[in-house]
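We have chain B already, so just place chain A on it with the hints.
Protein chains: 2
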Amino acid sequence: MIAYFNGEFIPKEKVIISPDDRGFLFADGAYEVIRSYNGKLFKPDEHIERMQRSLEELRIKYSEIYKLKKVAEELIRINTLGEVQALIYIQITRGKALRTHSFPEEETIPTVYVTASAFHYDPQKLVKGVKIILVPEMRWKRCDIKSVALLPNVLARQQAKDNGADEAVFVRDGVITEGTHTNFCAIFDGKLFTHPVNNHILAGITRKIVLDLCSKMNISVVESPIAETKLKEADELMIVGTTVEIMPVVKVDDLKIGNRKPGPITLELQRKFYLLLEQS
Amino acid sequence: MIAYFNGEFIPKEKVIISPDDRGFLFADGAYEVIRSYNGKLFKPDEHIERMQRSLEELRIKYSEIYKLKKVAEELIRINTLGEVQALIYIQITRGKALRTHSFPEEETIPTVYVTASAFHYDPQKLVKGVKIILVPEMRWKRCDIKSVALLPNVLARQQAKDNGADEAVFVRDGVITEGTHTNFCAIFDGKLFTHPVNNHILAGITRKIVLDLCSKMNISVVESPIAETKLKEADELMIVGTTVEIMPVVKVDDLKIGNRKPGPITLELQRKFYLLLEQS
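Residue numbers (our numbering), protein chains in the order written: chain B, 79 to 358; chain A, 79 to 358.
Chain B extracted, bound-state conformation:
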């Protein structure tokens, strides 16, 4: 596999991360994952814009962010991923420097690492729906930044796996925030509810698409936190994101949702999402 590393296209085996890299020592960096369908990047500008925002919030200066779209396209081409589904992974850290918590010298060059790899998933899940678990919110208070400080997400996702679930969704002060790598939506009486965009969740790109689709479908959207205790009254639940797309949730811990079948609004959103994909 050919990767992009600090300005060069090189075999991934030749990518050398220094032990002084602040990504390794401090989780001092941001990332993005862009999906590619048959060689075409999906919403690349939105992902790159979000990366730029993350870097700005972290005060990491990287002047060549405009190049990343071309880099992603080139990686798809070189790695012959033009006819499959693929994920572009982009990570930018504050670079390498002697270890001290505060920022290194201004001249420190950020580390830029990008890969493209084939993405395989189980399409049955999109049809049958998945189980999720609820876990207490453990993360920091800047979940709006897509940082690589993902340890709480790792632990929660493993807890999901240990419990035969696909995703762990965080509960903060009695309300659902989002999943370890997804946003969370619920349908109550024909309306779609999801946590508002603030410092407790990532402003998901798929989440935004879902809200736009709802608008076109005349489905009211309520951007308001969903109480954990309300879930048993939900008609439909879904997790949404770049890798899961629009994924029906049919079980939350031991609670069955919608008689364990994906609901009509979820299915219609999926259908509209794939139409959008075709047109884009």
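By construction, these hints were calculated from the structure, which means they are not laboratory data. Relax, there's no trap hidden among the hints.
Covered stretches of chain A, going by a simulated chain B footprint (3 or more residues, C-beta under 8 Å): (1) 178-185; (2) 229-238.
Subject to a maximum C-alpha distance of 20 Å in a straight line, what follows is the list of computed SDA-like cross-link-like pairs (lysine to any residue): (3) Lys174/B x Ile94/A; (4) Lys174/B x Gln236/A; (5) Lys174/B x Phe197/A; (6) Lys206/B x Lys239/B; (7) Lys209/A x Val330/A.
All of these numbers come straight from a predicted model, not from anything done at the bench. All residues carry an ideal CB built from backbone N, CA and C; glycine is no exception.
Then chain A, alone, in the frame of chain B:
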């Protein structure tokens, strides 16, 4: 400089961290810093025990932890640090694996990276005291684990630097938890107050020494959260830790403490600490 990397002593320039290392991708690892005074490790068993606890909490299996003390001693010897002050840095991650949040296969070998380097500091600070700033607690809810997910600490420490301060100390729900790399103690009416050991702070090894010294000095210790609003009534403040030892705090933001001079209990704790060092 010679480092220890996955079982071998090699030049640090030859240490290659894979971009698939979960330390780099997910902050999925733990670390320790041990101080060495003139070739002698200070409290190595306590640090290694705490590393073991961090690894257990993260479910990272590393069977050779008992070797680390010898490794640290060997690094001091090889790098001729026997007659200076040095820091041993130990980082252990869950190893390298294809990127997915949940844990990789059981057989994945942890990455083990250890360095020893000379440690220079400004002794005047110990005499004159330092300024700290207070910042809202932004970190996750498992600060008892010494993980490398240090991004909030990085941002807070930089904020301190931007404000001419040595340390940023977190305030959670109106009470002081700890600093970005130190614990926090306050003297009120001859008693020492510090946050109790729970999931919101790291169980500091220097903190423990301070409490033991207080016990010997017949100074009452109250392990109870300190309200931010109470700070103006404090007689003395200090931050304590492996790198700062027992550091007087004479200013908190714009608030002067003890007429900007280190207090008598702080100075006596420092003195007793250095006596302990000599004897150890």
